[in-house]
Amino acid sequence: MQEVDFGFFVSLFGHTLSYWWLIIPAIFLGLIVGAIPGFSAANTIIILLPLTLAMGEELGLIFMVALYCSSRMGAGIPAILVNIPGTAGAAATPLDGYPMTKQGKGPQALAISFISSTVGGLLTTIVVLFVMPLIVQVVYYLHSVEMIVVMLFGISLIATIAARDTLKGLIAGFFGLMIGAIGADHVYATPRGTLGFLELYDGVPLIPALVGLFAITEAFLIIEGQSILTDKGKVLLRDARWAETFEGARAALKRWWHIVWTSMIGLVIGVVPGAGAAIASFVAYQQSRTFSKTPELYGTGHIEGLIAPESANNGVTSGTLVPLLVIGIPGGATAAIMLVVMQYHGTTVGPDLFIQQPLMAYGVFSAMAVTYLLMILTVFPLARYMSRVTMVSTIYIAPLIISFTLVGSFVPRAYIFDMYLALGFGVIGYVARRTGYHVAAILIGVILGPLLETYFLRALKMSQGDIMVIFSSKIGNVLWVCLALSLAIPYLKDLHRKRAAMRDALHRGEAAGKSGTEE
Amino acid sequence: MPAEPPSEERQKTPVGADLLIPGAAIAFTLYYFSTIIDSPWTAQVSAFFVGTILLALCLILLVGIARRVARGEANLRFDPLITPAAVVPKRLALFGLTLGYIFFIDWLGFTTTTFLFLMVGMMLLSGWQRNNKRLIVILSAVLSIGGYLLFVVAFERRFPEGPFEDLFKAILSSLTGA
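Sequence lines, in order, name chains Y and L. My numbering numbers the first residue of the first sequence as 4 and each following residue consecutively. My numbering numbers the first residue of the second sequence as 548 and each following residue consecutively.
Chain Y extracted, bound-state conformation (with noise of 0.2 Å):
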């Protein structure tokens, strides 16, 4: 068994510097679809399956990653000049970033949010990489019960925090639960809610289910404008100019402890299952403003209001791995596709897997803090050529998101079957999509469904078939409270809202009564 001390982290680092041939042609990649409007890096990942499965475990998880470093940078290029955030993460880049580029400020606010995304991605992987240790020692003290709390909690965090509606997102992820429950029973191999598909008998495959949910969902919704840019912001794409670009670096820089803190409220929420770079954006913004001397100036463009976001959409790439890795629970989309590519390749997910496999689990960090590093090299010099990607139109991205998808979820098992199923899934998607359901709700429920069977049928067995057995540990009883505390407080909140504004509504109603009878 391998010691993990820092001589362990020093060659590991080493080995992963040595795939500088595959993380860099990926940052370019991640970093061009990145800038694409609606071209996540969950459907980067999703178009490129049939690659990053044909490499094989260790260089596909360095190429997923390294893509999904770079994709989150380049989602803050159309954020900062077009005022188009690449992805929900950078849906806070736009407050300062965009007010900086109309006063002629856009390649130092490119400067900035290269900087900021760079440092503060880099320094929250380091913290993770040196933490994992102890939280992995945490975890082993989870079995069957807890863990069917702790899946059933991350379903209701993702309902509560990412969905708009807490009662679709719960919806959602039970839907993709029962979804999950699809094929042969474990014991007697019984076909259960198979719609007579043989080819449903081995449970629903994952990779049509996420090309679907993801990929063939964005496809039909991002036909909806021609193009991405409107006529202003081509203007002012063309314009952009580096010239002022070491400014901005130096900007951000001046202000490293900015970077710091925000990035941190990056990692912390991104640990948070569901939680995600938009929300941790819009914490670290109005963190930051609520702590800055000059909040008036923030959304005028201020550089710290540009700062906070980006480095705590960066700081969430490490966060959101560490369910992931620990306890098998994807905190996000990309993870869950990661936990996806993983599965193929036959990995089990877990504590165990840092003890029998640490080069692999550390591996995955260690790669996101080469790519961070090489991003520092390789991208700043090309930070304005760049951002041309926004130009591209929606009527060659939308068929070629479809084909090539489509046959990526053809790959695993080579049935024709699977491309209906992930056009299936398409439309789910684009449903769910269209009317506040949560996708990644439904795609982590699929992924969950037969965990939450075997974690459910292992505890049953050891209670003799006893159901209250889900209630019998001191941790699991722990963690039910706190689901139903996320549950129960956005709701209390809400009818709290709603109360005092009917009272606000009543004293207004008061007041002018009285100054009617006055008068």
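Since the hints were derived computationally from the structure, they do not count as laboratory data. Worth double-checking, as some hints may not be accurate.
[Stated by the list, open to error] One side of the interface only, derived from the structure: several residues of chain Y facing chain L at Cβ under 8 Å:
(1) Leu32
(2) Ile35
(3) Pro53
(4) Tyr144
(5) Ser147
(6) Ile174
(7) Met422
(8) Thr438
(9) Glu456
[As the list claims (entries may be wrong)] Residues of chain L clear of chain Y, computed beta-carbon distances all greater than 10 Å:
(10) Gln558
(11) Thr582
(12) Arg624
Yeah, the Cβ is synthetic: ideal placement off N, Cα and C, and Gly gets one too.
Once you have looked at the hints, place chain L on chain Y.
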């Protein structure tokens, strides 16, 4: 094209489309229950646990929607799914094209079907404009052949094969003498 609702209806929130996911969830859960009703408890327990919670959640949502409709705050229109109306025909055509892509890929193989799909798809989305037809044909050819060379030839992935792939293999084997 959907008929324009009267102004009073327009002020109400359209929630008809919100019923589709819970409707599908209820139908699927009940169907799932019907497939495990005679199974041993090991095959039932997890599904009954999850399914019961799902049914309860759907019921809460349905009651909420029914109350909003009864109070006149919402109607049962499907607006979120069919707006913007101008895109609906394109979206349906693209869906039909995608179905055709999956149907024909088994016979024509990846490269030919992808070329045709990309070409027709891009032309459809561009509104059959003349000025970019050449670009679309070239782009479709480059992407489909490039995809074949990258995924199938370089990385030996299993993609659906057809006449183009057979021809390419024959040329390759005659060149290499294999």
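### Query
Holds or violated: is there a CB of chain L closer than 8 Å to the CB of Glu456(Y)?
Holds - the Cβ of Glu456(Y) comes within 8 Å of chain L, reaching about 4 Å at its closest.
### Message
Would the hint on Leu32(Y) be counted as holding, given a Cβ-Cβ threshold of 8 Å to chain L?
### Response
The hint is violated - Leu32(Y) has no Cβ within 8 Å of chain L, the shortest such distance being about 13 Å.
#### Entry: Status of the Pro53(Y) interface restraint (C-beta, 8 Å, chain L)
holds, 5 Å
#### Entry: 10 Å cut-off, C-beta based - Arg624(L) kept clear of every residue in chain Y
holds, 12 Å
#### Entry: Reported absence of Thr582(L) from the contact zone with chain Y (all CB gaps over 10 Å)
violated, 5 Å
#### Entry: Interface hint compliance - Tyr144(Y) to chain L, C-beta minimum distance less than 8 Å
violated, 23 Å
### Query
Can we keep the Ser147(Y) interface hint, with Cβ of chain L closer than 8 Å?
violated, 12 Å
### Least C-beta distance between Gln558(L) and chain Y, which was stated to exceed 10 Å
Correct as stated: the minimum Cβ-Cβ distance to chain Y is 19 Å, above 10 Å.
### Task
Classify the hint on Met422(Y) as holds or violated, based on whether any CB of chain L lies nearer than 8 Å to its CB.
Since the shortest Cβ distance to chain L is 5 Å, the answer is holds.
### chain L contact restraint on Thr438(Y) - CB to CB distance below 8 Å
Since chain L brings a Cβ to about 5 Å from Thr438(Y), closer than 8 Å, the hint holds.
### Query
Should the interface hint for Ile174(Y) be scored as holding, given a Cβ-Cβ cut-off of 8 Å against chain L?
holds, 5 Å
### Query
Would the stated hint for Ile35(Y) survive a check requiring a Cβ distance to chain L of less than 8 Å?
violated, 15 Å
In summary, the numbered hints that this structure violates are 1, 2, 4, 5, 11.
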